[in-house]
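Residue 1 is where the sequence shown starts when you use the working numbering, and the numbers rise one by one after that.
Be careful, since some hints might not be right.
[Stated by the list, open to error] Derived lysine-lysine pairs resembling DSSO-like cross-links, with alpha carbons at most 27 Å apart:
id, residue 1, residue 2
1, K189, K165
2, K159, K189
3, K159, K210
4, K210, K302
5, K380, K165
6, K16, K86
[As the list claims (entries may be wrong)] FRET-style restraints, in silico, Cβ to Cβ:
id, residue 1, residue 2, range
7, E416, I17, 35 to 43 Å
8, W28, P128, 32 to 40 Å
9, P353, D182, 35 to 43 Å
In short, the hints are calculated from the structure, not lab data. Heads up, the beta-carbon is just placed ideally off N, CA and C, and yes, glycines get one too.
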Amino acid sequence: MSAEIHRWSTMADREKIRAELHRLLGEWFAGGVTAEAPENRYPLGVPTYGAEEVTAALDVLLSDRLTMGPKVEAFERAFAARVGAKQAVMVNSGSSANLLAFSVLSSSLLERPLQRGDEVIVPALTWPTTISPLTLLGLVPVFVDVDPVTLCLDPACVKAAITEKTRAILPIHVLGNAARVDALQEIAKAHELLLIEDCCEALGTELGGKVAGTFGDVGTYSFFYSHHLNTIEGGMLVTGSDEIADLARVMRTYGWARPSTSYDALAARNPEIDARFLFMAVGFNFRPTEIQAAFGFEQLAKLDAFNDARRRNATLWSERLAKYPKLIELTRPSEGCLHTWFYYPFLVAEGAPFTREQLSEHLESRGIETRTILTGNFVKQPAAEQLHYRVVGELPNTESVMRRGIMFGNSGGLSEERAGQMADIVCEFLDRQD
1 MSAEIHRWST MADREKIRAE LHRLLGEWFA GGVTAEAPEN RYPLGVPTYG AEEVTAALDV
61 LLSDRLTMGP KVEAFERAFA ARVGAKQAVM VNSGSSANLL AFSVLSSSLL ERPLQRGDEV
121 IVPALTWPTT ISPLTLLGLV PVFVDVDPVT LCLDPACVKA AITEKTRAIL PIHVLGNAAR
181 VDALQEIAKA HELLLIEDCC EALGTELGGK VAGTFGDVGT YSFFYSHHLN TIEGGMLVTG
241 SDEIADLARV MRTYGWARPS TSYDALAARN PEIDARFLFM AVGFNFRPTE IQAAFGFEQL
301 AKLDAFNDAR RRNATLWSER LAKYPKLIEL TRPSEGCLHT WFYYPFLVAE GAPFTREQLS
361 EHLESRGIET RTILTGNFVK QPAAEQLHYR VVGELPNTES VMRRGIMFGN SGGLSEERAG
421 QMADIVCEFL DRQD
């Protein structure tokens, strides 16, 4: 047999094997997702991936391209189209997306970059890697209070915090609820401030029909295992600015000039440097893999169904728990918000005959995994001792969330039946108190 015939024979055999692997994966996942939590366990997140994602990932593993390439580019285009952004840049986590966003906005390659000592207004109810990029870049977080019902950044508090040093506003769309980015957009415009949206907990959330993450200069998203869309680990930066996207792609990969639209001109101006190894910025290695992109592409097609399930579960819980107003305080969506309910948060009411810890102990004993709401008041965290920051106001609402707030998991893979079982367990405890 000639080498050419043998090669084609081998390729045909491999395609048969690939087809058989696809068939077997279809059988493996015939009952649904890869695995479900035990009957009496209700974790923060449950698997939402099935044969489509694993088959797509397998095909990448069987190919000759594993690192960032055409599948990442295709996923970026599809994601940008889904959220209504001009540009999308995939990275290896939502935390990396936050750091990349502020690194780009602080780059001297921009006309008016953020400078060391500039202030960024942030909610005191936050997450560590929303704040850490500011500190790493010499920016000053200014902590303000949140709305007591939506848990999101309060625009009135933002207005009160603005000084001549203020350069940016950084709202978080908390647990799928939209911050009032319409109002924050107006404030930012009036004071010539940047608006950066942390949407790591809110993929698919809308305000007035517009997708969260597309109101400001930059939006960031997370694709961690338990999030609205899962690429195992991963994240995305979106922007309406070609310049910001161009520099984000450069800084995502060491500061390498090759992804830049100005690459050819830069290479021509630096003939003494091998153009293959031309670097134009201080950068990182935030590159995702083709496996993550293939996984995410399949998940993106399911996003609306996942978010519908999250809303269905949250509606069930809210209806069941609304009859205990003296015992618990429910949060509610911002006006005009299409909520995506990452987790389900609420507060133990002031004067309730039990503590948040007692409720949590009951839920955990019955298999419902619980958490406090984000970091609570981040200023109270030991990590804040390492920061140079400013606080405006007494932060009473954030303090209340820290003392009385609790949340449990929600997922696009959580069935209505199991959501009902969770409601039964919560109500069982509350009925004993009423």
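Each hint, compared with the structure:
| no. | hint | verdict |
| --- | --- | --- |
| 1 | K189 to K165 | holds (16 Å) |
| 2 | K159 to K189 | holds (12 Å) |
| 3 | K159 to K210 | holds (23 Å) |
| 4 | K210 to K302 | holds (19 Å) |
| 5 | K380 to K165 | holds (24 Å) |
| 6 | K16 to K86 | violated (40 Å) |
| 7 | E416 to I17: 35 to 43 Å | holds (40 Å) |
| 8 | W28 to P128: 32 to 40 Å | holds (37 Å) |
| 9 | P353 to D182: 35 to 43 Å | holds (40 Å) |
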